[in-house]
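**Student:** Heads up: the protein sequence lines correspond to chains G and E, in order.
Under the working numbering, think of the first position of the first sequence as 607, with each following residue one higher.
Under the working numbering, think of the first position of the second sequence as 227, with each following residue one higher.
Just so you know, the hints here were simulated from the structure itself, not pulled from any lab data.
Keep in mind that this is a model prediction, so the values were computed, not measured.
Where hints are given, some of them may not hold.
[Unchecked claim] Within a straight-line C-alpha distance of at most 30 angstroms, the following computed DSS-like cross-link-like pairs (lysine-lysine) qualify:
#, chain 1, residue 1, chain 2, residue 2
1, E, Lys610, E, Lys640
2, G, Lys623, G, Lys700
3, G, Lys683, E, Lys353
4, E, Lys254, G, Lys1023
5, G, Lys723, E, Lys254
6, E, Lys353, E, Lys610
7, E, Lys537, E, Lys254
8, E, Lys552, G, Lys1040
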Amino acid sequence: MISKSIAEEILEISLSKGGDFSELFFEVSNSLYFYFDDNKLEEAVAGEDVGVGLRVILGDRTFYGYTTDISLMGLRKLAKNLAEAVFQGDKDIKVVLSEKDEYGIRPLKDIGSFEIKEGKDILKIMNEKARGYDSRIVQFTSVIRTVDQKILIANTEGDFIEDRRVRTAVYGLSVGSYNGIIQTGYETVAGTVGWELLTEEVINKIPYEASRRAILLLEAKEAPAGVMPVVISLKAGGVLIHEAVGHGLEADLVDKGVSVYKGKIGEKVASELVTMVDAGVLEGMYGSSAVDDEGVKTNYNVLIDRGILKGYMHSRITAKKFNVRPSGNGRRQNFRYPPIPRMTNTFILPGESKVEDMLQRLERGIYVVKMGGGQVDTTSGDFVFGIEEGYLVINGEIKHPIRGATLIGNGPKILEKIEMIGNDIGFAPGTCGKDGQGVPVTDGMPTLFISEITIGGTEKGE
Amino acid sequence: MTVDLFKLIEDLRKQKIECEIFFQEREKSTLVISRQEVENYQISREYGIGVRVIKDGKHGFSYTTNLDKIDETIQRAIELSQVMEEDENWKFSKDLDLKDFKYYPEEPSFQEKIKRLVELEKEIYSKDKRVKTVRNIVWEKTTDNNRIISTTGLSLEYNQQYQYIYTEIGASDGTNERSGFEFDVARSWNELEFDKLVEKVVWQATSLLGALPKKTQSVDIILPAERASEFLELISELFSAENVQKGKSVLKGLLGESVASPILSIVEDPLSEKALIPRLFDDEGIKTYQKYFIRNGVLENFAYNVYSANKEGKNSTGNGVRGSFKSLPQVDYFNLYIEPRDKSEDELIKSVRNGVYVISLMGLHLADTISGDFSLGIEGLWIKDGELAEPVAEMTISGNLKDFLKNITGIGNKLDLKGNINSPMLKLEDITLAGK
Chain G
607 MISKSIAEEI LEISLSKGGD FSELFFEVSN SLYFYFDDNK LEEAVAGEDV
657 GVGLRVILGD RTFYGYTTDI SLMGLRKLAK NLAEAVFQGD KDIKVVLSEK
707 DEYGIRPLKD IGSFEIKEGK DILKIMNEKA RGYDSRIVQF TSVIRTVDQK
757 ILIANTEGDF IEDRRVRTAV YGLSVGSYNG IIQTGYETVA GTVGWELLTE
807 EVINKIPYEA SRRAILLLEA KEAPAGVMPV VISLKAGGVL IHEAVGHGLE
857 ADLVDKGVSV YKGKIGEKVA SELVTMVDAG VLEGMYGSSA VDDEGVKTNY
907 NVLIDRGILK GYMHSRITAK KFNVRPSGNG RRQNFRYPPI PRMTNTFILP
957 GESKVEDMLQ RLERGIYVVK MGGGQVDTTS GDFVFGIEEG YLVINGEIKH
1007 PIRGATLIGN GPKILEKIEM IGNDIGFAPG TCGKDGQGVP VTDGMPTLFI
1057 SEITIGGTEK GE
Chain E
227 MTVDLFKLIE DLRKQKIECE IFFQEREKST LVISRQEVEN YQISREYGIG
277 VRVIKDGKHG FSYTTNLDKI DETIQRAIEL SQVMEEDENW KFSKDLDLKD
327 FKYYPEEPSF QEKIKRLVEL EKEIYSKDKR VKTVRNIVWE KTTDNNRIIS
377 TTGLSLEYNQ QYQYIYTEIG ASDGTNERSG FEFDVARSWN ELEFDKLVEK
427 VVWQATSLLG ALPKKTQSVD IILPAERASE FLELISELFS AENVQKGKSV
477 LKGLLGESVA SPILSIVEDP LSEKALIPRL FDDEGIKTYQ KYFIRNGVLE
527 NFAYNVYSAN KEGKNSTGNG VRGSFKSLPQ VDYFNLYIEP RDKSEDELIK
577 SVRNGVYVIS LMGLHLADTI SGDFSLGIEG LWIKDGELAE PVAEMTISGN
627 LKDFLKNITG IGNKLDLKGN INSPMLKLED ITLAGK
């Protein structure tokens, strides 16, 4: 890691031609990646990504640069180049950093202690389980990835912070084929933990769920097309809340006027049943860390309280513009990118309804048991999300599985149509993309009853 | 670099370890304009090394950004190779010395670029009163210098440059708000079409104002070039031999058969001078050439890298692509497109009695290219008796890529080689549209 005196020198150079704030972000990321496909381990990759991102903020302007040359000479050059770009005239700046604050998790099993062969063996076992589930499973693809990210943040406000995030993810995809039809099923488990994520339970669950879904979809019928009520299971993950409202509460989008939730603080934006939280502070979840990528401590932020909008998610820059405290949501994919407001672990709090009562209310509707990914247009609020596992329900009775459907709705309208919230909650990890940067997140929801949403199926006519 | 590379290679040769090293030098500049100012200014340069080894018939891979750690990285790749099974399909090309240097015109200064981009923001606002916000204008240029050398006598060197510009805007009519998103990509600054970008993005956002869903029905669809190109990107996955061999393509086993509308031809033309990134050889040193994947509806070829070709005892088709030093050669394409036909865009629209002109697609990354199933959110304009009419939104189109290929009944006569994958306007019939 970079010493205090070097960090001070680099910050001083970067502000030597002007600027209000400067920040150095140093990262050492070691990753291990296993890719198993076609009955064998196809890739085992160890990688090291080391670099420094430096930014100078002057008014509303950001000057950003990064380098993989982390020698003192390389860092000085980077800082000098930025200062030349700022060029407001010579300034004499003295930077004094405080004593180092150290955060970070200590995984039970980190990369260094992991036997490469163990990874291969786990993937082999999963492969056998996935293929053994049903003779119609023709392919199984699985991945284990672990990233050990050590970061150091130093800024001209004197912060000098070190954090370590160890994240592990395991993924399985089963391909089922029968009578000329191909269908897939996948399952993933991920967290801010080391290899200890790979418990026997996880090693069993991934291939079982992936193959079960692939076979279920082979036997599924076309999804209906049109507006219907839906019940979304706690097991489905929280993509709906991530897309329908989460992105629209990121303060950079609000500031630029491309969010349907701009200017709505204190107003009712959802059914009074809805309380929504973004919390990067929760231990072990995929979107968690002790501090964000600007060195701000993560938090438990209530964004919507019983239907009323309370606040947005902020980076340092947006917090200053909105005259609030940074909320711990300034995140970046790695040292190559400046931080922007991002979600961490985003979820709706449980309510009081029972699943059976919600299903009973479906005269003709869809029961969504697993959601896929999603996307949103924050300006209009329109969003989509995929169904990985869903069933047609008639008069409260589950009829048959459906396939090939995306749901589409409008965020503010759908939030008003959440009429019942279950007394349960489930979470699912994912990778969220914004402005070309991917960051790990978790989304969560209790079981929900939504009175109307458009099902994008293929079934023609009634 | 403190390491003597040639000595390193010589040492490995003596140990009977085959090794290939991929060096990437990347320079990136970015400008983000907002509220008539530079909001973000960025210039960076980075290095990366990807090392592949074959020892005892086993293949290993490791990468680093630290040029001083090349020795360690090779050792790590060797270590990793030993958990792999023996696999004779991994091979490095032998005794090849190929260079592909492209020359790019000199770029205007940053100051000039900033001036033009600030002007562009003004133009967007002044084009239509209903434009309420420009989130930002982003310009980014990437220049790569790549070099690949191996103990098997491979020496490849090439450069490439591309730049893009995009903008996201919001329009409002007082009651409804809609967004527009448009991008342009080119090799050099002077090839970027700024005026067209302004026109398109403003047209998109303003013409969608007041959009409402229609009732669920079966309709014809017009996909303008940009949206059709997005579909071709999904379809390109179906030609990958990697996917076919693993049962992950709905085109498996259909070589030589009619799989698409007879008017459809999909071709890869890596040598075209008009291509965004023309390439003489791929990242495994295989010479590229023009080839049809689908010609007049018939499936003619799959795309191979060296590994997938060896699996079938075939030759690579020159489709081994390394996205960066962090990845292995995977099947991908250089300048893939749908061949234009005879209909003008106007004629295609005129031929639709009841349908949708698609302005934006949502959820493309949710499409399952293995099963072929897709279900996408759309926004666009209703087409009534050949005329563009009221805007529509909050609807989906769904189907399977296999049927998509067959449902193409019209192909436009205008093809711009904008990105790496391109299509003229397409017309499709009998697509399920889900709405209210």
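**Student:** Take a quick look at whether E/Lys537 and E/Lys254 sit within 30 angstroms of each other, Cα to Cα.
**Tutor:** 38 angstroms, violated
**Student:** Under the criterion that the straight-line Cα-Cα distance not exceed 30 angstroms, is the pair E/Lys254, G/Lys1023 satisfied?
**Tutor:** Violated. E/Lys254 to G/Lys1023 sits at ~46 angstroms, over the 30 angstroms cutoff.
**Student:** Run the distance test for E/Lys610 versus E/Lys640: straight-line Cα separation, threshold 30 angstroms.
**Tutor:** With Cα atoms ~23 angstroms apart, E/Lys610 and E/Lys640 stay inside 30 angstroms; holds.
**Student:** Holds or violated: E/Lys353 with E/Lys610, Cα cutoff 30 angstroms?
**Tutor:** 27 angstroms, holds
**Student:** Is G/Lys623 close enough to G/Lys700, meaning Cα to Cα at most 30 angstroms?
**Tutor:** 13 angstroms, holds
**Student:** For a C-alpha distance cap of 30 angstroms, please report whether E/Lys552 and G/Lys1040 respect it.
**Tutor:** 21 angstroms, holds
**Student:** Does the alpha-carbon distance linking G/Lys723 and E/Lys254 stay inside the 30 angstroms limit?
**Tutor:** 38 angstroms, violated
**Student:** Hinted pair, alpha-carbon criterion (30 angstroms max): G/Lys683, E/Lys353. Please report holds or violated.
**Tutor:** Given pair G/Lys683, E/Lys353 is violated - Cα atoms ~43 angstroms apart, limit 30 angstroms.
Taken one by one, the earlier hints fail for this structure at numbers 3, 4, 5, 7, listed in ascending order.
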